[in-house]
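Q: Protein chains in written order, with full-length UniProt numbering: chain D, 1 to 337; chain R, 1 to 337; chain A, 1 to 337; chain L, 1 to 337.
Everything labelled a hint here was simulated from the structure, so no lab data went into it.
Quick reminder that beta carbons are idealized off the backbone N, C-alpha and C, glycines included.
A few of these clues could be false.
[Claimed, not checked] Lysine to aspartate or glutamate pairs mimicking DMTMM-like chemistry, simulated, CA-CA at most 25 Å apart:
1. A:70 - R:6
2. A:70 - R:176
3. A:67 - R:75
4. L:67 - D:168
5. L:67 - D:302
6. R:67 - R:54
7. L:67 - L:215
8. L:67 - D:60
9. R:202 - D:168
10. D:70 - L:215
11. R:70 - A:6
12. A:67 - R:227
13. R:148 - R:176
14. R:202 - R:216
15. L:70 - D:168
[To be verified] Far from chain D, some chain A residues (derived; all Cβ distances over 12 Å):
16. 4
17. 29
18. 55
19. 70
20. 118
21. 157
22. 251
4 protein chains.
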Amino acid sequence: MVVVMDGRASAEQVEAVIMRLEECGFSAHPIYGVRRIVIGAVGDRRVLNSLGLETMPGVERVVPIMKPYKLVSREAREENTVVRVGHVAIGGSQLAVIAGPCAVESREQLLAAAYMVQQAGAAILRGGAFKPRTSPYSFQGLGEEGLKLLAEAARQTGLATVTEVVDEHSLELAVEYVDMLQVGARNMQNFRLLQMVGRSGKPVLLKRGLSATVEEWLMAAEYIMSEGNGQIVLCERGIRTFEHSTRNTLDLSAVPLVKSLSHLPVIVDPSHATGDRRLVGPMARAAVAAGADGLLIEVHPEPTQALCDGPQSLTPAQFVSLMEELRAVAAAVGRAA
Amino acid sequence: MVVVMDGRASAEQVEAVIMRLEECGFSAHPIYGVRRIVIGAVGDRRVLNSLGLETMPGVERVVPIMKPYKLVSREAREENTVVRVGHVAIGGSQLAVIAGPCAVESREQLLAAAYMVQQAGAAILRGGAFKPRTSPYSFQGLGEEGLKLLAEAARQTGLATVTEVVDEHSLELAVEYVDMLQVGARNMQNFRLLQMVGRSGKPVLLKRGLSATVEEWLMAAEYIMSEGNGQIVLCERGIRTFEHSTRNTLDLSAVPLVKSLSHLPVIVDPSHATGDRRLVGPMARAAVAAGADGLLIEVHPEPTQALCDGPQSLTPAQFVSLMEELRAVAAAVGRAA
Amino acid sequence: MVVVMDGRASAEQVEAVIMRLEECGFSAHPIYGVRRIVIGAVGDRRVLNSLGLETMPGVERVVPIMKPYKLVSREAREENTVVRVGHVAIGGSQLAVIAGPCAVESREQLLAAAYMVQQAGAAILRGGAFKPRTSPYSFQGLGEEGLKLLAEAARQTGLATVTEVVDEHSLELAVEYVDMLQVGARNMQNFRLLQMVGRSGKPVLLKRGLSATVEEWLMAAEYIMSEGNGQIVLCERGIRTFEHSTRNTLDLSAVPLVKSLSHLPVIVDPSHATGDRRLVGPMARAAVAAGADGLLIEVHPEPTQALCDGPQSLTPAQFVSLMEELRAVAAAVGRAA
Amino acid sequence: MVVVMDGRASAEQVEAVIMRLEECGFSAHPIYGVRRIVIGAVGDRRVLNSLGLETMPGVERVVPIMKPYKLVSREAREENTVVRVGHVAIGGSQLAVIAGPCAVESREQLLAAAYMVQQAGAAILRGGAFKPRTSPYSFQGLGEEGLKLLAEAARQTGLATVTEVVDEHSLELAVEYVDMLQVGARNMQNFRLLQMVGRSGKPVLLKRGLSATVEEWLMAAEYIMSEGNGQIVLCERGIRTFEHSTRNTLDLSAVPLVKSLSHLPVIVDPSHATGDRRLVGPMARAAVAAGADGLLIEVHPEPTQALCDGPQSLTPAQFVSLMEELRAVAAAVGRAA
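Just chain D, same shape as in the assembly (with noise of 0.2 Å):
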């Protein structure tokens, strides 16, 4: 950490601050320059917060220089993380994509989209049993029949499957019928939700915010480390900007630089990021050229019908052509799909 000093910090003002530092076990390396003192502090930035320094008279700001993550963190471990879902494995050389309706509505459809995007080539079927809404009048999920028939298409199909999960008493549930946990962008920041997912010891797809900054993402997957729980894939979704002629916008640079400053993988979102199935492919296919790991795609039997997100689903047939488009790009990038 650097605590930078106003340019007319008095001599006894940069004592404090020295001596306040020494008391909380850093050691402090002042630096006097022409306009500015600013003193340099080895420690353990964990502490940092409860310092208290910006509030001492005399100081500028405080600069940290460490960053406040550790488990998840590429020097904590070098090599990529794979996550074991089921029998699918995000991370490593093979794309692994999760497709299927944005909710689970009924059996028909649940199963007519396992075994659509299985025969196409997905890995993993999505669908949601607990839907947060913005509006508490709309469709709220089938709630545990969801979850019921979620494992009765992974029976039949033979994928695995992910779901949502809002609160304990969903998490309860979805622990018994599912293979994996979404934790959804509105609940980034649900602590007490990240701690219950990090000891449920099931493999955790963690989606970034919608203001979240990637540091901030790496902290919400700390909190799931923290408690036991390393298997974590993480999903860019798209970030709110000015910028609303996309739902939200596709923020695919934070695909190579989340893998460079940690180890888990990192897949990708593009339904809910444009909002507009006419813009899924291509962002589709960019992601996996950025190096995405995995792909997340709403597809519906009927798009007309969804009783959510329909405008974004695609139908069976666009899923059946971007899975094609999606081999050729991942095998130009060295990957196979």
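Following the hints, position chains R, A and L against chain D.
A: Structure of chains R, A and L alone, referenced to chain D:
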């Protein structure tokens, strides 16, 4: 709702949209423009999302006309709602000041803060017992012990109290000890939590999410109110923008805007918005001038020793002097403080 | 356009809006809903702003239906525009790579860069002679001397050239020496400059502004095209968002979106978008996979010695290797490179 | 400046950075932490960008310590600058209100507006003669004819005047007719224009760009001041964020922040910020309470007939009543109005 057809839509496609609307109970009113057909549709906006119109061939986009919230809207209730927290009214002619430390740290700290803010003219004491922290390694709050201290401070000073709840467990405890429940910015779209505070019957302080639109914020209030609890105070606390020279960007325009859209009271938290105690005073004065019904201000007996958010906490002397300034500004806009 | 009346608007207010519309040559189509009256209006969107409808009593808001741009729209021209820059075509089946240093610094530097990018397969040489810099104390470019060096490099290597213009003076000089004029992000809404490049008759590379919506970007192109110059290439270069771990957020979704809205070619600048050479390669590959017609890439013979934007410039070796990767990705999406 | 080395940097890499710093006239102070070496460097920040340190092997990032602006900084001048516009002082104890129509439309309109705002207590008349418009098809201003009308209105009412300049031509005309030159938000980083107004010797009203950070805004002022012109008034007019329920997000925190960083006066434009006349009053009051030195307010004799920005223009009666409210708030914060 208005459905805008693509310039190249066929007569059959227009007809199909009209049939779909009428099937779902809407009346359809096509308008034939020079280059576009648009179809006005009269009916219940709340079923809009499940119509799947955007996915129909020939549809360019769907423009909602009605607002998605209902119970919290000014149309549902013309007069201002006044929320009662203990003996304190929020939303009436009197400015309501909520003050206290970010976190309850100890009996000494909390009682010192409570007596001080009470003497300076605050009406409600704040203090976090369950702290949602970005890092799993930061101080997470005293839990029930903190709630007991809040209750003791309330007994001794006569102040009403508010504390943040983060899950079912903290909620069940908090209802026993405090007068008002706070839902924090990171949980504004934790819909399960919104339903639970809605059912609790306690007054709720609902902070705006970091990247929540005004409409989403009101929809979060609608979640609470649709559970039968209309005792909601909205709190603007800064939104996330590209500008990082303050912690967040305080969106004061939201105060008069929300008051025109909704009957609920609106207060402002200049401490979290700016993250810098030097800006708290000017922004508190501005909030009152903009028409806010109250303020939420962090005060700490010794900010330098604070376990959380020291840099934005006022000292007791600063708070006393701010309260005097606020009385002058409140009087200038016709309000008591 | 659709005029949404307030729920409490009187019959007289509705009538007044209808009269105003008809006075101005619109035909008005009122639709009577349960809680709202909306008035569909058919006429010329371009006079919309001068109608003052939002200011009339009883009007809640006005929703435009038609897009505000015309000449650049896909509706005005179904087929893709191919822009010719010297002997190079942008917008056809061949990927067009523009490369070179941020700024022209010296004859040695520029010629070394030019030979190198030409051998690696670039088609157009970039180099700034007039640099818009955030600080008045930074290097501002070599001016006409830089243009002469660009012309010399073009003669020696056969590359076409592009350079940024910032005002009338630089424009008058640049048209003498280079094949294509660039309008930078900070000048995207410098409307006088847009008109001037429109009248110049030269092909124009129009960068998206840091906070420009897709619609504003297309309106800037409309300014150029309304002066009779349709030789416009749009360049996505990242937008400003809350996320500062990359310099800007590359909005790749804008590529397929703009190509659906407009007939103009779209290229991508991953260098300025990310500000970090380690991310340039992945984002360049992603841009091609998303359907970009070309790339703008900073390359410097010795990035460590660059007078501007060294951290994002590729070394010659990195550029050679990137070009190979791009050929593979381009082939995978059916394009030559 | 502080150079943070990568955790895996070699001793040779550290040595190379130290040599590079010393070559360029910096003194280097390495600090050896547990997992990182950081190098404090003392020297001239203004050459920082040309050092290329970020591109050197083993460097993780470079953290600037000194602010990049100098002449406009509070450190360069402790006391507040008071800018004189005709007989009006901006930045002193008196609140300065600039008011008038968005665009000069006719002699009748401008004179009516001028008399009215003068009687209500405004000190400076605004009116655009050269309008930068998003659409090439919108009204672009009366040009020199508009400037003549401004000069006539000034003679008749005794008001000082301000108008926007957009290029060399409009600047040369405007200096003949008005007392103060405005640089609009879209031109805040039109560096040539900044240099030209700097050389004009006229007082300058510098609006903040839509997506400009406070630092960039101050750097734009530095451009003007480095040309010898320190008569600069900064104007906050809202920034672009995800929230579109107001046209922009008025960043009022920037007022006290900029006043702490710079000696220049700061005023606020609530009309462009909100785009909605119903929010202009509350935000004008809030700006004064936050410490703004003045306001820029759109007023039109007949907003319904305005050729531009009618929805945000106050009527004469609304302006008169706002001025009364402002006097009360100004008095409450110790200021005359």
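Q: Now tell me if each hint is right for this structure.
A: Verification of the hints:
no.	hint	result
1	A:70 - R:6	15 Å, holds
2	A:70 - R:176	63 Å, violated
3	A:67 - R:75	32 Å, violated
4	L:67 - D:168	48 Å, violated
5	L:67 - D:302	57 Å, violated
6	R:67 - R:54	19 Å, holds
7	L:67 - L:215	8 Å, holds
8	L:67 - D:60	12 Å, holds
9	R:202 - D:168	22 Å, holds
10	D:70 - L:215	32 Å, violated
11	R:70 - A:6	15 Å, holds
12	A:67 - R:227	41 Å, violated
13	R:148 - R:176	9 Å, holds
14	R:202 - R:216	22 Å, holds
15	L:70 - D:168	55 Å, violated
16	4	19 Å, holds
17	29	27 Å, holds
18	55	24 Å, holds
19	70	18 Å, holds
20	118	24 Å, holds
21	157	28 Å, holds
22	251	5 Å, violated
Hints 2, 3, 4, 5, 10, 12, 15 and 22 from the list above are not met by this structure, while the remaining hints are.
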